[in-house]
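Peer 1: The lines below spell out each chain.
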Amino acid sequence: MIRVQQADFVVADEYHHLQQSGIAGAIVTFSGLVRDFTGDTGESFFLQHYPGMTESVLNKIVSQAESRWPLLAVTVIHRVGHLQAGDQIVFVGVSSAHRKTAFAACEYIIDVLKTEAPFWKKEGSRWVAAKQSDQAAADRWLTADDS
Amino acid sequence: MSNTNAITILYFASLGDALGVTEEHFSQASLPADVASLRAQLAARDTQWAAALSATNLRCAVNQSLAKPEHPLCWGDEVAFFPPVTGG
Chain X
29 MIRVQQADFV VADEYHHLQQ SGIAGAIVTF SGLVRDFTGD TGESFFLQHY PGMTESVLNK
89 IVSQAESRWP LLAVTVIHRV GHLQAGDQIV FVGVSSAHRK TAFAACEYII DVLKTEAPFW
149 KKEGSRWVAA KQSDQAAADR WLTADDS
Chain D
128 MSNTNAITIL YFASLGDALG VTEEHFSQAS LPADVASLRA QLAARDTQWA AALSATNLRC
188 AVNQSLAKPE HPLCWGDEVA FFPPVTGG
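From first to last, the protein sequence lines are chains X and D.
Numbering-wise (the working numbering), the first sequence opens with residue 29 and increments by one.
Numbering-wise (the working numbering), the second sequence opens with residue 128 and increments by one.
Don't read these hints as lab results, they were simulated from the structure.
Just so you know, these numbers come straight off a predicted model, no measurement behind them.
Note that CB positions come from ideal geometry on N, CA and C, so glycine has one too.
Mimicking DSSO-like on lysine-lysine, the simulated pairs with C-alpha atoms at most 27 Å apart in a straight line are:
#1 X:128 / X:88
#2 X:159 / D:195
#3 X:159 / X:88
#4 X:88 / X:150
#5 D:195 / X:88
Chain D regions said to be covered by chain X (calculated; three or more residues, Cβ under 8 Å):
#6 134 to 142
#7 182 to 191
#8 199 to 212
Derived DEER-like restraints, expressed as beta-carbon distance ranges:
#9 X:153 / D:172: 21 to 31 Å
#10 X:126 / D:171: 54 to 64 Å
#11 X:94 / D:192: 15 to 25 Å
Please model the complete structure; the sequences and the hints are all you need to start from.
Peer 2: Spelled out as structure tokens, the structure:
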């Protein structure tokens with residue numbers, strides 16, 4: 029399930045949903061939070077996206093994960109719009125029969141999302157530049173033998 | 128694919144700010160052959176456009192799929208230019 033929304037999410041509800049989706053041996057969830065980027069609470073944080081393309085890219089990333097590992101259910105939620113430091117911004121949850129599969133798929137999805145899904149962060153008046161370390165994390169999945 | 132002689136162009140994040148435009152309907156007598164040709168025509172507008180579009184890490188999507196410079200264009204296409212993404 030893919031959701032792009034302004035509203036916050038409740039991890040316990042998402043966990044429950046994953047738990048209901050089948051007899052899983054493992055559920056791994058990742059929550060990304062807005063870092064305290066300035067220490068100045070007056071500064072705003074804005075998340076822009078490309079409506080339409082965002083959803084199709086997220087669906088493609090989840091499909092790639094599902095073809096790579098046997099997964100029972102996947103949830104990806106990404107918030108957009110105005111957020112505050114400390115707010116939840118992204119959620120990835122994966123249920124699978126085995127923990128290694130669930131850990132790997134969850135990490136794959138967030139790593140690839142960071143470099144392929146059309147979202148852009150703006151801290152105050154400054155757009156955040158892409159990090160080479162994020163690209164390296166995504167590239168790792170193209171070459172690593174992680175089976 | 129539309130018959131109208133226009134291409135919708137979207138500019139995201141820092142690129143939209145630099146250009147002061149987030150969306151336009153690009154219309155010319157002749158269709159730009161590909162993404163590279165469209166980008167060159169936009170860059171030729173003035174120094175501000177030339178500077179903003181000269182970024183080597185700029186990415187392009189045609190009809191919401193990432194596209195290379197040689198990707199051919201049709202009237203009615205939606206073309207988006209944007210800097211590398213920073214979500215999550």
